[in-house]
Amino acid sequence: MKKVLFATSALVLSAGFASAEVALSGDGRMGVVYDGNDAQFGSRARVKFTLTGESDAGLSFGAAFRVDQENYNANRFRSAARGTAGAVWISGTYGKLSMGDTLSASEAAIGDLYEIGYTDGTFVGDVEEISYLTGDGENTDQGPNILYEYSINNFNLFLSASDASDNDWPGATGSDNPYYDEEDDAFDPADNDTDTDVAWSVAGSYNGELANGSWMVGLGYAKHDDAKEITLGGEFKTGGFSVKGIIVDYDERGEFTLQIDDAPDFTLALADYEYDRTYGLSMAYEYQAWTFEGFWRRDEFEAITAGFDDEDFDTFGIGAEYDLGGGAVLAGAIADSDYASDTVADFGIKFKF
Amino acid sequence: MKKVLFATSALVLSAGFASAEVALSGDGRMGVVYDGNDAQFGSRARVKFTLTGESDAGLSFGAAFRVDQENYNANRFRSAARGTAGAVWISGTYGKLSMGDTLSASEAAIGDLYEIGYTDGTFVGDVEEISYLTGDGENTDQGPNILYEYSINNFNLFLSASDASDNDWPGATGSDNPYYDEEDDAFDPADNDTDTDVAWSVAGSYNGELANGSWMVGLGYAKHDDAKEITLGGEFKTGGFSVKGIIVDYDERGEFTLQIDDAPDFTLALADYEYDRTYGLSMAYEYQAWTFEGFWRRDEFEAITAGFDDEDFDTFGIGAEYDLGGGAVLAGAIADSDYASDTVADFGIKFKF
Amino acid sequence: MKKVLFATSALVLSAGFASAEVALSGDGRMGVVYDGNDAQFGSRARVKFTLTGESDAGLSFGAAFRVDQENYNANRFRSAARGTAGAVWISGTYGKLSMGDTLSASEAAIGDLYEIGYTDGTFVGDVEEISYLTGDGENTDQGPNILYEYSINNFNLFLSASDASDNDWPGATGSDNPYYDEEDDAFDPADNDTDTDVAWSVAGSYNGELANGSWMVGLGYAKHDDAKEITLGGEFKTGGFSVKGIIVDYDERGEFTLQIDDAPDFTLALADYEYDRTYGLSMAYEYQAWTFEGFWRRDEFEAITAGFDDEDFDTFGIGAEYDLGGGAVLAGAIADSDYASDTVADFGIKFKF
Numbered sequence: 244m245k246k247v248l249f250a251t252s253a254l255v256l257s258a259g260f261a262s263a264e265v266a267l268s269g270d271g272r273m274g275v276v277y278d279g280n281d282a283q284f285g286s287r288a289r290v291k292f293t294l295t296g297e298s299d300a301g302l303s304f305g306a307a308f309r310v311d312q313e314n315y316n317a318n319r320f321r322s323a324a325r326g327t328a329g330a331v332w333i334s335g336t337y338g339k340l341s342m343g344d345t346l347s348a349s350e351a352a353i354g355d356l357y358e359i360g361y362t363d364g365t366f367v368g369d370v371e372e373i374s375y376l377t378g379d380g381e382n383t384d385q386g387p388n389i390l391y392e393y394s395i396n397n398f399n400l401f402l403s404a405s406d407a408s409d410n411d412w413p414g415a416t417g418s419d420n421p422y423y424d425e426e427d428d429a430f431d432p433a434d435n436d437t438d439t440d441v442a443w444s445v446a447g448s449y450n451g452e453l454a455n456g457s458w459m460v461g462l463g464y465a466k467h468d469d470a471k472e473i474t475l476g477g478e479f480k481t482g483g484f485s486v487k488g489i490i491v492d493y494d495e496r497g498e499f500t501l502q503i504d505d506a507p508d509f510t511l512a513l514a515d516y517e518y519d520r521t522y523g524l525s526m527a528y529e530y531q532a533w534t535f536e537g538f539w540r541r542d543e544f545e546a547i548t549a550g551f552d553d554e555d556f557d558t559f560g561i562g563a564e565y566d567l568g569g570g571a572v573l574a575g576a577i578a579d580s581d582y583a584s585d586t587v588a589d590f591g592i593k594f595k596f
Numbered sequence: 244m245k246k247v248l249f250a251t252s253a254l255v256l257s258a259g260f261a262s263a264e265v266a267l268s269g270d271g272r273m274g275v276v277y278d279g280n281d282a283q284f285g286s287r288a289r290v291k292f293t294l295t296g297e298s299d300a301g302l303s304f305g306a307a308f309r310v311d312q313e314n315y316n317a318n319r320f321r322s323a324a325r326g327t328a329g330a331v332w333i334s335g336t337y338g339k340l341s342m343g344d345t346l347s348a349s350e351a352a353i354g355d356l357y358e359i360g361y362t363d364g365t366f367v368g369d370v371e372e373i374s375y376l377t378g379d380g381e382n383t384d385q386g387p388n389i390l391y392e393y394s395i396n397n398f399n400l401f402l403s404a405s406d407a408s409d410n411d412w413p414g415a416t417g418s419d420n421p422y423y424d425e426e427d428d429a430f431d432p433a434d435n436d437t438d439t440d441v442a443w444s445v446a447g448s449y450n451g452e453l454a455n456g457s458w459m460v461g462l463g464y465a466k467h468d469d470a471k472e473i474t475l476g477g478e479f480k481t482g483g484f485s486v487k488g489i490i491v492d493y494d495e496r497g498e499f500t501l502q503i504d505d506a507p508d509f510t511l512a513l514a515d516y517e518y519d520r521t522y523g524l525s526m527a528y529e530y531q532a533w534t535f536e537g538f539w540r541r542d543e544f545e546a547i548t549a550g551f552d553d554e555d556f557d558t559f560g561i562g563a564e565y566d567l568g569g570g571a572v573l574a575g576a577i578a579d580s581d582y583a584s585d586t587v588a589d590f591g592i593k594f595k596f
Numbered sequence: 244m245k246k247v248l249f250a251t252s253a254l255v256l257s258a259g260f261a262s263a264e265v266a267l268s269g270d271g272r273m274g275v276v277y278d279g280n281d282a283q284f285g286s287r288a289r290v291k292f293t294l295t296g297e298s299d300a301g302l303s304f305g306a307a308f309r310v311d312q313e314n315y316n317a318n319r320f321r322s323a324a325r326g327t328a329g330a331v332w333i334s335g336t337y338g339k340l341s342m343g344d345t346l347s348a349s350e351a352a353i354g355d356l357y358e359i360g361y362t363d364g365t366f367v368g369d370v371e372e373i374s375y376l377t378g379d380g381e382n383t384d385q386g387p388n389i390l391y392e393y394s395i396n397n398f399n400l401f402l403s404a405s406d407a408s409d410n411d412w413p414g415a416t417g418s419d420n421p422y423y424d425e426e427d428d429a430f431d432p433a434d435n436d437t438d439t440d441v442a443w444s445v446a447g448s449y450n451g452e453l454a455n456g457s458w459m460v461g462l463g464y465a466k467h468d469d470a471k472e473i474t475l476g477g478e479f480k481t482g483g484f485s486v487k488g489i490i491v492d493y494d495e496r497g498e499f500t501l502q503i504d505d506a507p508d509f510t511l512a513l514a515d516y517e518y519d520r521t522y523g524l525s526m527a528y529e530y531q532a533w534t535f536e537g538f539w540r541r542d543e544f545e546a547i548t549a550g551f552d553d554e555d556f557d558t559f560g561i562g563a564e565y566d567l568g569g570g571a572v573l574a575g576a577i578a579d580s581d582y583a584s585d586t587v588a589d590f591g592i593k594f595k596f
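Residue numbers (my numbering), protein chains in the order written: chain W, 244 to 596; chain V, 244 to 596; chain Y, 244 to 596.
Just chain W, same shape as in the assembly (with noise of 0.2 Å):
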């Protein structure tokens, strides 16, 4: 049997195919979340398909999608068999090629600040997850979506698109309603406005070595509508230790609702924002089987309902992590966000089959 990481896997003989071959992976978790008020249960089983081929002159080929991104009738643009979750790819010399849920260049280039705690932020409302314009669950209105990677030497160049059509199509998923306002995520039968602006995005990153250790530098745009994003990431790793930061500034990025003062945590708000920009570090340190890793992130954003200030959220937090080896973690993290009026923590187990 053949080595395959994170993968169970099993290969298929026949006729037709040289070789074939469809995946089996999963994850899970089970611990406890702090919300500030009440300690609550949090638990999740995940399983992936990984399909991968190669054609007689050596093009590789492949697609994945989890069980909980195909949810065919229950909603269109989170649906593998659709082309919004998920991806397929190819793959040669002249790089890789992949259509569906994809990643935006920018995102495929740079990514998102380190996560902590078993449930990989998702109990600070995946704050280390930086808001990328395009790609990744954004633009799925418009169907499947591009992503394009290259490398040449160190150089890693990325190329990300929709296909400038909401239009629904057999074969091609999209909104079908042609006064679906973008900007307002509603339908508006008085708005003729359809999203036929291309969401794209274009990076480009280094990957450089050091005698123990190595860094990377990276750097995007991205653009839709009026909408446009700049990117700029690093990341330095040495011995046992890591640090990235990411900078992203937005122009015309669209009304946000904020509530200010005691913001009750990720509910309804009272004044608009634009959202401006982002920037944060994260840092991690390896220690035989513990991790331990921080980040402080701030999210800021210009008043437009008169009256109000620009306001600045914050986020600080911190994590440890203990391999347990055999694919299990102990993993606890508290946080600090102006987004929630609370301290908030995790702390479980988390698990990779």
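Just to be clear, a hint being listed does not mean it is correct.
Same chains, same names: a pair is fine if it fits in one copy or spans any two.
[Stated by the list, open to error] Calculated pairs, SDA-like style, for lysine to any residue (alpha carbon to alpha carbon, straight line, at most 20 Å):
no., residue 1, residue 2
1, Lys339, Lys595
2, Lys339, Gly568
3, Lys471, Asp379
4, Lys595, Ser334
5, Lys595, Arg309
6, Lys595, Leu340
7, Lys471, Ile490
8, Lys339, Val572
Hints are computed from structural coordinates only; laboratory data are not their basis.
Once you have looked at the hints, place chains V and Y on chain W.
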């Protein structure tokens, strides 16, 4: 290839994992259900994922759910990825701790009466199943539940609980409506009584050995808000003969609406009743490839609406099975229930893969 | 490891089972669909479970469904666990009996015209598929359907039926609304005409051999309520050349609403028509790694709304495929249909895993 019960299995070998496995198993059935008026086709096919692993120190862990238990967007209270279907567990010398849509302690200790027919009792509304107060689909508005199981010598201890919070929070599924009225199973803006009562259960059972068989006796207690449940059950097996009896006494279980006289088959009803008590007896006899099964059960309801009498609902059922080998079993059953106005039956074939 | 066609497979060895298997296979595609106005990305990834077993006496049994065919809570009429998607079967010397969302006898005997394009015809609304009166997604409001297939010498017999009951009952899926009007596909409280008519079909086909090829001719009849369908089809294969023709005559098929003149692409319409007749011809030619395909089809509609003429809808399509080996096929097609106001096309790559 190692010996695995009821599961197609493939091992994974990878750098970080001693062993981690995603096993597939399945079941199916096809046949005819007679609903008292019509003979209807009834079939199904299901696949189950069983994920297992072991830490370096020998702690076992795993998770299991079926494809039909992952309704991520359609029903957040029946989704393994949200912890409201299937379960995740860790298991060691100190017992087994499960989280997710677990059984209650009482159900884990005592269980249900014997299933009959190729639909395993579904043709008569699964009347062989005891309606336990907590766990197994109940209390999932509070998110995942926990179940702890520990065995020493022949004594088994069970503890289960919900987390006393129906607040939705990232990483911890719940009902995010503060006005959710659990008793009415409805959202009532006038009712501010959020469900912050732990739904819990404690139970014990003892397994005894006989020269030619075995016996079990179990006792369980469960509580949620004002509702209480005491369950007593026992089973006796000798030769090919088995008998199992269960008595459950409820207190303040809440109001049910029942249609009296000619109750039309699981439909709406006219008077309010409180579910007071249920008790039943089931028997099975195995002879070569044959199994003969039967059960009787009575549910007692106390009238709340003035002018109505207390009501008893009786259900009788008998069935026979013939094992074809290889996982295929021919089965049929007939049942008469006061819940349905007619005698109902099923006949078909069921499969294990 | 044994040779399995199109399926990743792993055997299970267990006490009670001679052999029982859950096999995984999958498919994917990615490319561009031109809808007449826009070029849209179109991709998908799917995984299929195939469950097989054999009884001690040599009776084969199994089941199959895809992940996207299990929408337990979102759509009870597209759920393998409810018998309304995928199928379960037993098979022996007396033929094969399937239950679930089976094909009708006519469709099992004769099938559809050849698919073109990387979306297998979906880009033009799957016009190569015949709209059979029963089975394959039809009649699932009555729950599972059955299909019986038996072959002797070169003659194949097919029988299919629904169960003549749309009543929902535990273990037997159905539409539980007694006022469901099947013709209007809507719930009408004034219409007490429940669908208690068997939807059935009977068909036969004969396979002949040639020195350098084969031929097939099939005839089918289907009936549901007042609607009738007669299908005649034939196929001829020699060398790399194939041709297939199908004629279907409907009677009392029910009213369709069509928008005449410049019918805007599968949208709402203005006049009532009855679907009278459809016939088509498809051809394919294989040369080395290439396959060239084409089809023509005409649908005849009889006007019911006064003042409108009868209408014929013609569809032409041609396509080409290039087999890259290993399960990957490059494919593109162009089609012109009276159902769409524009010529449409697709081009992409499709995969089998």
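Status of each hint after checking the structure:
1. Lys339 <-> Lys595: between (26 Å within a copy, 19 Å between copies)
2. Lys339 <-> Gly568: between (33 Å within a copy, 19 Å between copies)
3. Lys471 <-> Asp379: within (17 Å within a copy, 47 Å between copies)
4. Lys595 <-> Ser334: between (26 Å within a copy, 16 Å between copies)
5. Lys595 <-> Arg309: both (14 Å within a copy, 18 Å between copies)
6. Lys595 <-> Leu340: between (27 Å within a copy, 18 Å between copies)
7. Lys471 <-> Ile490: within (14 Å within a copy, 56 Å between copies)
8. Lys339 <-> Val572: between (32 Å within a copy, 17 Å between copies)
In summary, this structure violates none of the numbered hints.
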